[in-house]
Amino acid sequence: MIARYRFDGNDELCLRFGADDAPKLLILPPLFDEANRVRHLMVETGRALAELGIASLLPDLPGCNESVVPLEHASISLWQAALIACCEQLGPVTHIASLRGGALIDDALGDMPRWRLAPAKGGQLLRTMLRTRIASDRESGIISTSEALMERARTSGIELAGNSLSPCMIRELDSAAPSDGSAIRLVRFADDPLDADGRIAGAPLWLRAEPAHDPAMAQAMAADIAAWMRG
Amino acid sequence: MSDIQTNGQTNGQNDTVERVVRNVLRDILGLSEDQVAGFDRDTELFGALPELDSMAVAGLLTEMEDRLDILIEDDEVDGELFENFGNLVDFARAKLAA
Chain A
687 MIARYRFDGN DELCLRFGAD DAPKLLILPP LFDEANRVRH LMVETGRALA
737 ELGIASLLPD LPGCNESVVP LEHASISLWQ AALIACCEQL GPVTHIASLR
787 GGALIDDALG DMPRWRLAPA KGGQLLRTML RTRIASDRES GIISTSEALM
837 ERARTSGIEL AGNSLSPCMI RELDSAAPSD GSAIRLVRFA DDPLDADGRI
887 AGAPLWLRAE PAHDPAMAQA MAADIAAWMR G
Chain B
1395 MSDIQTNGQT NGQNDTVERV VRNVLRDILG LSEDQVAGFD RDTELFGALP
1445 ELDSMAVAGL LTEMEDRLDI LIEDDEVDGE LFENFGNLVD FARAKLAA
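Line order of the protein sequences matches chains A and B.
Heads up, the numbering used here is the position in the first sequence plus 686, with the first residue counted as 1.
Heads up, the numbering used here is the position in the second sequence plus 1394, with the first residue counted as 1.
Watch out, some of these pointers could steer you wrong.
Facing chain B, from chain A, some residues (calculated, C-beta under 8 Å) [said to hold, decoys possible]:
hint, residue
1, Ser822
2, Thr831
3, Asp877
4, Leu893
Note that these hints are calculated values from the structure, not bench results.
This structure is a prediction, so every number in the text was calculated from the model and none was measured.
Each residue gets a CB set at the ideal place from its N, CA and C atoms; glycine is no exception.
Just chain B, same shape as in the assembly (with noise of 0.2 Å):
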């Protein structure tokens, strides 16, 4: 898994990346811009948000396929994946660079 923060990096492309998945987020969710601009590495995700039930999880792992321009697969998704806000990036991240 990828050791990039959240903050303090200024990379574009990682920034990209992060803007994709908050976006992805607040589409599934209905979230304003306000909300999802506040959801940080610590933000909790399944379990804490009860619109993400499964059938949410697999829309947004779909999205996030054709947004990324990513392809993943089915034993790359368990329930840490979604624990919270920063291992969803560090996920998307990480499948970018591979």
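With the rest of the complex left out, here is chain A (with noise of 0.2 Å):
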């Protein structure tokens, strides 16, 4: 079902799965490129948490996917901002789940449960806009460095694979970290050689270069999740 919730002055959608008795998990999606490509997966993983029995949240971050604010307006604090009023507003949600991105803002609610699979720092993201740029302004014949790009961008933003980034959002991502907290699941898939609480099987969706679906892998999320927050 699609609901809305209000921050900031706009309406900013909100997919709802599940029945309103049922625990209720905040679901946080990449950043970025990253959630348009994985736009189905965290979709049918809200689907087959319901049907486990578990209500969950997929909200839009203001300045992405439907939303009508310019992403040039977003940062990092501005969206753990809209997070605590989805929340106040569709909630009250007791776990949080991101992927990737996500779970640079799930501290927005305070140290609750989270899971995390494969989640990523922000400057990784923004090493990876940054090569776009590069990659683009050379085929214009222009040499770009990712320092000097940086330097401009702090002070009076940047435009980086198509994402308008103001400077506050830039200097709050180049120094995001997943947070620390005492309940905390990390996930990763079973060829990861990094550290995890629990695998699954499945592929980084994320990067591909043409978007894909993976209906196994949203089953595979949606059960350790469930798993997860059933304790």
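Assembling the complex is the task here: the two chains are given apart, and the hints tell you how they should meet.
And the structure:
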């Protein structure tokens, strides 16, 4: 079901899955282009969770997806404020699940139990976007460097890979890292060499040059999240 | 650039580097295990694989940094690096050895 929450003078869309009286989970997608590539996966995960008896919210962040707010008005701290407003109006939520850069804003509601799949640092996301910009500059015959682009971005903002990023967003994103917490379940793919509390089968669809969907991965995510929420 | 060959080497770390580069290409391009297993040193990348555009290359470099714990400078990235699979693996090995 499509719901709305009010934030900063605008209505933002929020998908709601499951029964109203079921435990409520806040689902946070990855950030920027990665979110577009896993939109289908996130929606299917919400539906699969509903079948397992878990209700969830999948909000638009201001400046993203269907939001009418320009992305250049957004920042990490603004997104966190929006999540607070969303959960006050459509919650309460008891748990949070995020993918990738979603982990950078999953502390918006304090030290709540949080599930994370392959969390990313803000600097990683920024580097990829800077590289895309450097490549397109090069095609136009302009030689640019990450350092020079970042220096300008910190004072006057920048457009990277089609995203207008404000100086505030640049500064916050550059230093953003997933926060510590007392109840975090870190999940990775079976072939990922990094440490994890749990492993699921699947593939990093947020990297795909051509967007794809993996129904089995949505089921695997939902099953792991449901088992974790039920302790 | 390293003169280590992709085949004929049984050194554990080198096998790992090659597997990581293969897996990153698999994940970015959405290829199957069988398809990437068929990549050899001469398999052409940029220009030969239509999905590998500049956006995909940007993601590929960041993933390689992340999975191999290396740092790739802007001026190390040129067309030659993505000419074929062998060049990309050699580059990753040289970065790890540096």
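Hint check results:
1. Ser822: 6 Å, holds
2. Thr831: Check passed: Cβ of A/Thr831 comes within 5 Å of chain B, closer than 8 Å.
3. Asp877: Cβ of A/Asp877 sits 7 Å from chain B, so the hint holds.
4. Leu893: Given a least distance of 5 Å, the restraint on A/Leu893 holds.
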